[in-house]
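There are 2 protein chains.
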Amino acid sequence: MTGFSFAIAARDGAARTGVVSTPRGPIRTPAFMPVGTQATVKGMYMDQVKALGADVILGNTYHLMLRPGAERIAKLGGLHRFGGWTGPILTDSGGFQVMSLAKLRKLTEQGVTFSSHVDGSRFELTPERSVEIQGLLGADIQMQLDECVALPNERAAIDKAMQLSLRWAERSKRAFEAQPEGRALFGIVQGGDQPDLRIASARALAAMDFPGYSIGGLAVGEPQEVMLAMIEAVMPHLPEEKPHYLMGVGTPDDLLAAVARGVDMFDCVMPTRNGRHGQAFTRFGKVNFRNARHAEDPRPLDETSSCPAARDYSRAYLHHLVRTEEMLGSMLITWINLAYYQELMAGAREAIARGAYADYMAAVREGWARGDIAPWQG
Amino acid sequence: MTGFSFAIAARDGAARTGVVSTPRGPIRTPAFMPVGTQATVKGMYMDQVKALGADVILGNTYHLMLRPGAERIAKLGGLHRFGGWTGPILTDSGGFQVMSLAKLRKLTEQGVTFSSHVDGSRFELTPERSVEIQGLLGADIQMQLDECVALPNERAAIDKAMQLSLRWAERSKRAFEAQPEGRALFGIVQGGDQPDLRIASARALAAMDFPGYSIGGLAVGEPQEVMLAMIEAVMPHLPEEKPHYLMGVGTPDDLLAAVARGVDMFDCVMPTRNGRHGQAFTRFGKVNFRNARHAEDPRPLDETSSCPAARDYSRAYLHHLVRTEEMLGSMLITWINLAYYQELMAGAREAIARGAYADYMAAVREGWARGDIAPWQG
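If you read the protein sequences in the order shown, they are chains B and A.
For the first sequence, the UniProt record's numbering assigns the number 1 to the initial residue and increments by one for each residue that follows.
For the second sequence, the UniProt record's numbering assigns the number 1 to the initial residue and increments by one for each residue that follows.
Bound-form chain B, shown alone (with noise of 0.2 Å):
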């Protein structure tokens, strides 16, 4: 069993590709992570997410630890066993679905407690249970609990967050001494919109010298160029040689920019949540299934797809289920975001080989200005 590390295999300005090794499989960087919240990516078989190329998948401490309940999951062998993904699996730490979905929440130095947005149950989570909790799932990535705040916000409350934060990190980082070789744990850089705390956050994380480091508390309402800005803030406080994850990020533009920046993972419900909804992400930018302009048009959404959801199915058909809220319609869509966030992913590796990754984001957002192939002339 190798252990957990990241070797970094070329490098164009600041952007990198390289690979992640886990004892569950190597995780081709930069990477985007598909998200299975509740052990499931919304709408997709497994398999078909492994065949799109997606290398780990994230979980969602907070809805697993309510439902089935962490040490259950443990029981039944794990996540990997109970979901039925056999490579390696992230979680986040649960503290932001806790600010943002869970009930009487009250904060401590010592951790929070909170109530169930589904039963009411009463919970805690502190740094310790976190760990724990990440643990029985056994997952390959876990995330140091982290107080995240909403922006904008005073400057006050912004570092008192932070400062928790890195304590938080001090003691998942002890609680997580116990966990088996192989896995690791992630530092999470908060500060919201404020450089210098963004950088005083890196500065004393990498100083604790994690196995790889998290940006945390970025889109979460800010405008991309100061998401952007925060990144290259950071960026040069962040040990180079260790992986870089930007949380819930983002658009397909947010991840091209931030990949330039130097990011090498990424996870975010926006294609699966967005193809639930009928709106496709493509080659050619944007494509809402809801739109009556698809209501006769026979082509199929990208023929020269290698997802068979893109390229075997009229856009008519698609519009049809999307109207009729078919369930069809939002395994197809959803089928076909995963694939686009794969296929953007594998052009930026090749690209960052190649020396060309500023040609390769330029070709890419030539495709999506010049908006949806043109109208079908029915």
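Since the hints were made in silico from the structure, they are not lab data.
Each statement offered as a hint is correct.
Computed spacing ranges between beta-carbons, pair by pair: (1) A:Pro298 to B:Ser121: 19 to 29 Å; (2) B:Arg365 to A:Ala292: 46 to 56 Å; (3) A:Arg155 to B:Asp119: 46 to 56 Å; (4) B:Gly25 to A:Ile8: 52 to 62 Å; (5) B:Pro180 to A:Ala292: 24 to 34 Å; (6) A:Arg311 to B:Arg72: 19 to 29 Å; (7) B:Gly77 to A:Lys75: 47 to 57 Å; (8) B:Val118 to A:Pro298: 22 to 32 Å; (9) B:Asp119 to A:Asp253: 32 to 42 Å; (10) A:Pro298 to B:Asp119: 23 to 33 Å; (11) B:Asp119 to A:Asn288: 17 to 27 Å; (12) A:Arg365 to B:Arg72: 27 to 37 Å; (13) B:Arg11 to A:Arg273: 49 to 59 Å.
We put the beta carbon where it would ideally sit given N, CA and C, even for glycine.
Since chain B is already given, all that's left is putting chain A on it; use the hints.
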């Protein structure tokens, strides 16, 4: 291109096994037809439906005339191309769902006018228009428009609806003459729970010489014994060498019992609808995955199944998916149920061919009576 025909290969009592030949391929009988209401079998890829051994699927004229519309589907190349199903498709006449779903219905000798349950827009359905719509869809096997009354009901009302359905059968048959060779129009026996009315309906339809005969207006709330008594009353008066289709039926036991009485074809939403609600049909009876007893059960539903959904996921995982209302729960249990219905019919065909249908029924019922495999002792 071969035409439409039916060849009986073997008989066992009143049960028969054979093949309905259509230009789009054979239908092995007894056959269960998965319901593809809105040009999709809910939660399934057509490839999966085919791989389960389904030879034919059903489409609903009422739903398809509302959305996306028959003329639109015709413009897009027909229902087969639209939904991606290359085998034969059977469509109903729309009449049953007009009666159960549409609003502001007005029934006359001419036909029925109604408002869409989706957006209130007005439609008219006559025997001629129903056949025209089914032709535009490109259905291989079509149904005459009929009037189907709820049970129990007054004899006079049942009689009146049956007589109207006979006049509509004549009109449907004339309208159908415009359609290409190889397609078939079935007449529909009505008559509620009144044996003599059923017999009168069957005789009158037989005299019109249809290529197949449906038994409609059953499984509308009456006890199974009434349904079986009606089938028994009708069968001696239907041409023996033509396919017999029992519409909208039913439970696995209904299928077994109806096959024993000479029925060749079935359709029902039960395997798909119940699947979406967490109820699985199995060799050992029904299993409700909402039930907490599955929460920590690591066993698959049926490890000897050829269906991956029954074989490759734990009961605990299926329970979790149902409880969290994940799409994958509906997808997997629908898959399990359609697999079981196909397996049930494949077993019936094989048993009839060997002259052992009574033994087959007994063995299948013994499995159900045994109930689910012994509860798991965690």
